[in-house]
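Chemist: The sequence shown: position 40 = 556 (our numbering), numbered continuously.
These are computed hints drawn from the structure, not numbers from a lab. Mixed in with the good hints, there may be bad ones.
[Unchecked claim] Derived Cβ-Cβ restraints for the label pairs, each shown as a range:
| no. | residue 1 | residue 2 | range |
| --- | --- | --- | --- |
| 1 | A596 | A569 | 16 to 26 Å |
| 2 | N559 | Y607 | 11 to 21 Å |
| 3 | E608 | E541 | 33 to 43 Å |
| 4 | D586 | P558 | 18 to 28 Å |
| 5 | P558 | Y584 | 29 to 39 Å |
| 6 | T545 | V606 | 14 to 24 Å |
| 7 | E541 | A593 | 29 to 39 Å |
| 8 | Q557 | G585 | 17 to 27 Å |
| 9 | E570 | A596 | 28 to 38 Å |
| 10 | H583 | D542 | 31 to 41 Å |
| 11 | E570 | N592 | 15 to 25 Å |
In this text, all values refer to a predicted model and were calculated from it rather than measured experimentally. Even for Gly, the Cβ is constructed at its ideal location relative to N, Cα and C.
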Amino acid sequence: MMKSWKFLTIGLIFVMLFGLFAYAEDAVTITFWHAMSSRHQPNLQKLADDFMAENPNVTVNLVYQGHYGDLQQKINAAVAAGNPPTMAQVYEN
């Protein structure tokens, strides 16, 4: 069940991004920081590849940032420095 929610969430993120960038004429780069282990990496990469195939002006850079605690610290530091990623995967707790 948890696995289904993860993939549903990721899918919804890409659908929302499609809506945001569907009409962009210039090249767009999305930097997506995540904490998904190597076990999930191929699925995430396939989602990104499929999205980029449908949106040739959009490049999605998937950046593994370590475990969730590491990711949260890196997001906080990037936001404080004024250079956050375009999007990141986080949990509410």
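Chemist: Could you work out which earlier hints the structure fails to respect and list their numbers in ascending sequence?
Modeler: 1, 5 and 11
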